[in-house]
Amino acid sequence: MEKWANNKAWFLVLPVVIIVAFSAIIPLMTVINYSVQDIWGPGQSVFVGTEWFEEMLGDKRLHDALWRQFLFSGLVLLIEMPLGVLIALAMPKRGWGVSACLVTIAIPLLIPWNVIGTIWIIFTRPDIGLFGAGINNLLGIAFDHTARPLDAWITLMLMEIWHWTPLVILLAYAGLRAIPEAFYQAAKIDGASAWAKFQYIQLPKMRGVLTIALLLRFMDSFLIYAEPFVLTGGGPGNSTTFLSIYLVKIALGQFDLGPGAAFSLIYFVIVLLFSFMFYQALQRVGKGEKG
Amino acid sequence: MKPKKKTIGLLIYLGLLMIPLYWMLNMSLRSNADILASFALYPKDITFVNYLKIFTDSSWYMGYVNSIIYVTMNTIISLTVALPAAYAFSRYQFVGDKQLFFWLLTNRMAPAAIFALPFFQLYSAIGLMDTHIAVALAHCLFNVPLSVWILEGFMSGVPREIDETAFIDGYSFPRFFITIFIPLIRAGVGVTAFFCFMFSWVELLFSRTLTVTEAKPIAAIMTRTISATGLDYGLLAAAGMLTIVPGILVIWFVRNHMAKGFALGRV
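Just so you know, the protein sequences line up as chains A and B, in that order.
Per this note's numbering, residue 40 is the first one in the first sequence, and the count goes up by one each step.
Per this note's numbering, residue 31 is the first one in the second sequence, and the count goes up by one each step.
No lab work stands behind these hints: they were computed from the structure.
Incorrect hints may have been included.
[To be verified] No more than 16 Å apart at the CA atoms, straight line, and that leaves these computed lysine to aspartate or glutamate pairs for EDC-like:
hint, chain 1, residue 1, chain 2, residue 2
1, A, LYS42, B, ASP193
2, A, LYS42, B, GLU244
3, A, LYS42, B, ASP160
4, A, LYS42, B, ASP75
5, A, LYS47, B, ASP127
Just so you know, these numbers come straight off a predicted model, no measurement behind them.
Turn these sequences into a full structure, and let the hints steer you where they fit.
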């Protein structure tokens, strides 16, 4: 299906360009401007070239934050994707159960991100939390996410899985629903096992939505800020200081504009690379579904 | 035997999903002294003091009002600009269309933390600091691109013969767009509005950075309570419970199309 070639369509996209440019390009210019200057106060600055970039690229805490970030995002994907698909397969296909399941599952997605953190503070505190107190008293294992890095990670992972697996479920379920009934009938006639059905019918048909789920989950977990900020504040020590938390600490906490800006640009380039991969994948998905 | 096992698994998952929420509800119905004094699986003396405080103290309930004001503004702005743009992307080929689409995408994927500081300065410079419109505009950064994608996905599902027929019948573009085309994709418009609402409602970093007192959203009020000494868990839990209500109210209307929105209209 060829699109109509018409450059007047630019008039239709102009409002979007203006409004997004206002929020995107001016701030980006500011960041670039800061990243090459040393600023002491209003009107007092000196051009320093790539000094901040060199400083940030050699910053050990940034490296640590970056590896922590990759580890976090990797674990998130490894757990959430299979779990999401499994739950989607278990969901009812028709009847009142469908709406009930969909609405219940979507609830965590609609909660403000800081409230997610609050819920999990209340839930996992060793003195008042059901989870924290339960582990400490019933199992006799000392568990405190404010004191021990491993416990903080476990709490964060549980929170992240609780919060975002619903997105994977919803997408996988939508993909499953799009499979025509005839496919299943054919599989029944062939006497296919549940595994074969999954491997040859359901999984290939879900490829498009699962690609989107995978990339969305990767991107959003890579940018995570509010939930760990509220739950652990990046601690204990620096054990849960992810990229965004570290960046906000530098830029808004210490007001180190130069290094903060250089960090921002490095972060942005990493994200841009992934965005490009996302875009390519999305284009393929669009073609595959329509063509 | 098999389907039963599946259902049990599903029920376990749904149960686990609800437990943290139940715990917050439990906390919100107890006074802070009671929470700190004893551990209880359910509230023994149910009290509504926490909710009462939120509904009577203007520094609390104005937080909800502020959030609703900028979320509504953002939803209206995003939909108004995104509808024609999505139509252009779904129907026309024009110079730079692919590049433009990619550029929009990068903004949805940009780390909000990058923009926090420049936004603070930009909005201070133009005198919009601590206003609802500042937060609404800042949220356009990710909501407008998202709206364009979702709407484009829905619009591409409408056959172009409809447009052609309407133009042959002598409809002008605005009249066709408003009276024929938008009603055809009203499910898509609803889902998009829902997503704008949702992402603006849940966002914390911008809304916290861009507001001081006048437009301070409930999310920011809550985080400031956390950092204060002498944390009131009961109050915090009650405030948290109330932030979930609007989401649950709107989700019912889009439950059947929700997934299509998450897949950017591409299921």
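How the hints compare with the structure:
For a cut-off of 16 Å, the pair hint linking LYS42/A to ASP193/B stands: about 12 Å separates their Cα positions. For a cut-off of 16 Å, the pair hint linking LYS42/A to GLU244/B is broken: about 48 Å separates their Cα positions. Annotation: proposed proximity of LYS42/A to ASP160/B is violated, straight-line Cα distance about 44 Å (limit 16 Å). As the CA atoms of LYS42/A and ASP75/B are separated by approximately 66 Å, the hinted pair breaks the 16 Å bound.
For the hint linking LYS47/A to ASP127/B, the alpha-carbon distance of about 12 Å falls within 16 Å, and the restraint holds.
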